[in-house]
Amino acid sequence: MSTQVEDPARAEAGTPARTGRRRRLGREDLGMLLGLPLLVIVVFAAWVLWRQTAILGPIEKRQLAWSVIGELTWQHVKLTVVAAIAVLVTAVPIGIILTRPKFRRLAPPVAAVANAGQAAPVIGVIVLLAIWIGFGFWTAVLSLGLYAFLPVLRNTIVGLQQVDPNLVEAARGMGLSQFAVLRRIELPLAIPVIMAGVRVALVLLVGTASFATFINAGGLGALITTGITLFRYPILISGALLIALLALIFDWLGRVLETAATPKGM
Amino acid sequence: MWQFISDRWQDVAFRSYQHVSLVIQSVILAMIIAMAVAVLVTTYRRLEPVANAISSVGLTIPSFALLGLVLPLVGIGAVPSVIVVTFYATLPILRNAVVGLDGVDKALVESARGMGMSTIRVFFRVRLPLAWPVTLAGLRVSTQMSMGVAAIAAYALGPGLGAYIFTGLTQIGGANALNYTLVGTIGVVILALILDALLLLLGRVTISRGIRV
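Chains as they are written, first to last, in this note's numbering: chain A, 2 to 267; chain B, 444 to 656.
To spell it out: a stretch of chain A is covered by chain B in this simulated footprint if at least three of its residues, at any positions, have a beta carbon under 8 Å from a beta carbon of chain B; those stretches are:
hint	region
1	129-136
2	232-240
3	243-251
Partial pick of chain B residues on the chain A-facing surface, computed with a CB cut under 10 Å:
hint	residue
4	PRO492
5	GLY511
6	TYR607
7	PHE609
Calculated from the structure, these hints are not laboratory results.
All C-beta atoms, glycine included, are put in the ideal place defined by N, C-alpha and C.
Next comes chain B alone, as it looks inside the complex (with noise of 0.2 Å):
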């Protein structure tokens, strides 16, 4: 095993930052548009049915299904990865912004607009950072989901370690099929479990410190 990955570690870790990327770019991705719908929805009360139902549905819709719809629309390689992913990974955070934004109290929201705040100064000074933190939970289980959901797109020939996983499986019963596949499982895991660290000590940095506990 380690022969194997010290033989290759230049790919291994090529791959790995080819994940990683994948992940946070698209994550990111989804960060923006969830925000966007998340604000949407808190204004116009009306549509928040309509976001939660398709949420449920989208989250109902297995990643392999989304993959099979989207390829004949775009292709194998990055962009199916791209798209399935960002799919998977706005639901979590839409659903939690809605409700982190639900909950901010009308009162701070008048007084701030009382102090001469436009509704945008309003947005990111008071509602985004009191949302924040049940934002940030969203983040996280988006970025733990996305880490397999990008396994999964590899079988379009998407980048990442889910290469690893596909090459032991078309190999196996070969010398290295059990490695192929261990290094791209454990190597899904590791990296998963680095990001979340990484995001919970984002959530240090930048919950406002009024409200941590």
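For reference, chain A alone in the conformation it holds in the complex (with noise of 0.2 Å):
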């Protein structure tokens, strides 16, 4: 979600502005690598205090049992895992191959029709393939992956398109081979906006994640249903809190991937 709110901004930002803005996010990202897991830290250890400590009844305390949730927990987990991964290896080179120069035509029709395919409601797309497929955690990974293929593949695009054409010629010029430029000149060029575009991807898997449990794929959207299901609210919240957590987790994970991703020259 995020890269797509700052696309807009960047793009028509004068330039004056925007060199001072990146050195400023330079630090707001500094803040929010450290502030990141301190507040997850903060947040989980409360919770698990209100678990210890609270009178809960028996339904409750089966639904909140430490070994469910850490079941819950791991299919939340593994399903947006999985999804990123196949995610990773579909989008990024199909991103790569719509930006050579015999397929470049086909670029800008595919983006028009991906960003038409992000306004479907990812929980309508889930159902659908769901009435299509089958239930379980196949599907669940086939929609999730769906959802987020549209990020990747438009950052992979974008973050290639944007490398400075003298660089790849110079390269050229110098005798590297077209697959030599791709790997060694474009590649580590793109690779910020690639890695802004998977952590966008996590971040909408994580929570796209929590429609699994409809198809019976699991994951910690469950207790949010029991929770509204039997009207329990210490369930609900708990589910909602948990889920909410992973997003910042994985939130983080992509942030660090990103920074550690980036080459130092830039």
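Need the complex rebuilt from these two chains, each delivered in its own frame; the hints are there to steer you.
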């Protein structure tokens, strides 16, 4: 979600304001890198404290047992990670292909279709796929992957397109093959934008994985639905809180990856 | 499918209207909140990192989780829908409005002051029109997102087309499950595209002629 937000702003803000902003964002990024884990730890500790001391009814005790919570969290993480890997190994290569000279013409229509596809409500896509191919883990992975595919694809295309053509030309002139140019010039320069897309995708995946429970694919969303149907607020809030914390953790992981993957020269 | 829609076109139309109405009202509310905060943030610079951190954390929290956190406070129905949709709609507008207001040339503000305009007039005649294109871009992102969030909020018996999707889900295996889900999903896509086109049109009309690209 957030790159989508930053794109128009970055594109339209004047150049002097932009360079000033980028430096400030650097300090802000550092703040998020350190602040996020702190926030997660504090909230999680508070929740654990509440869980240990609260007087719970039998239903709540069963739903909030540590083994149940652990199992649901594991399912949630598994859904997110498997879908993220599936997205990475498909969206990045397709993005690379769409920016090669031979296929460059295809990029705008693909981007247009991708943007229109983003408007589809994810819950509708999940239910449609469940009707079509049945319930279960892989259906959930497929629909999550479809949803997170777009930001990674878009950022791969944008990242590769913004590489200075003069640099590519210079590298070609130095005798590098097309593949070497891609590997040694274009991809390293595009990595920050691509990784920003991956982080957005990770956050989207954690969020949408909470709908997996609707199609019997597990995940922490189960606590929310149980909480609502049984009208047990402790279960509902615990589920919502844990999903939010998981999203923050994955956002932090994405930021770490982003910082680690950016080449030193940039 | 056509049979399905023509049998209940009135209900489909009503839910579509509800969906759009929920989104538009929430986005307008979000616009007001976002502009107020943006003005505050651009006046007191020290608040900017705080606002940015809140909007990054806010956009990270999944909508279904926020819905779960809001429900105990306000119960089920339309109110949690409005709260959740407004919350997510505020963040992109806020971010872009801050960038837009930041991008206004200080010299222009100064000359407007020099011409004798009051702070409020400077805001409405100079800063807002210049920041408007960027803000509008945020508004479009917000609206697009809100259409999807509104569908999710229907789980707590909120208004709109999302209810069709959840009806489809509960009736899986039944004759109309696919129809319900398809009408709900495609309806949201169509409405989102129409709203986006209208916002583009709004941009054509409201972006000051001097800075139109």
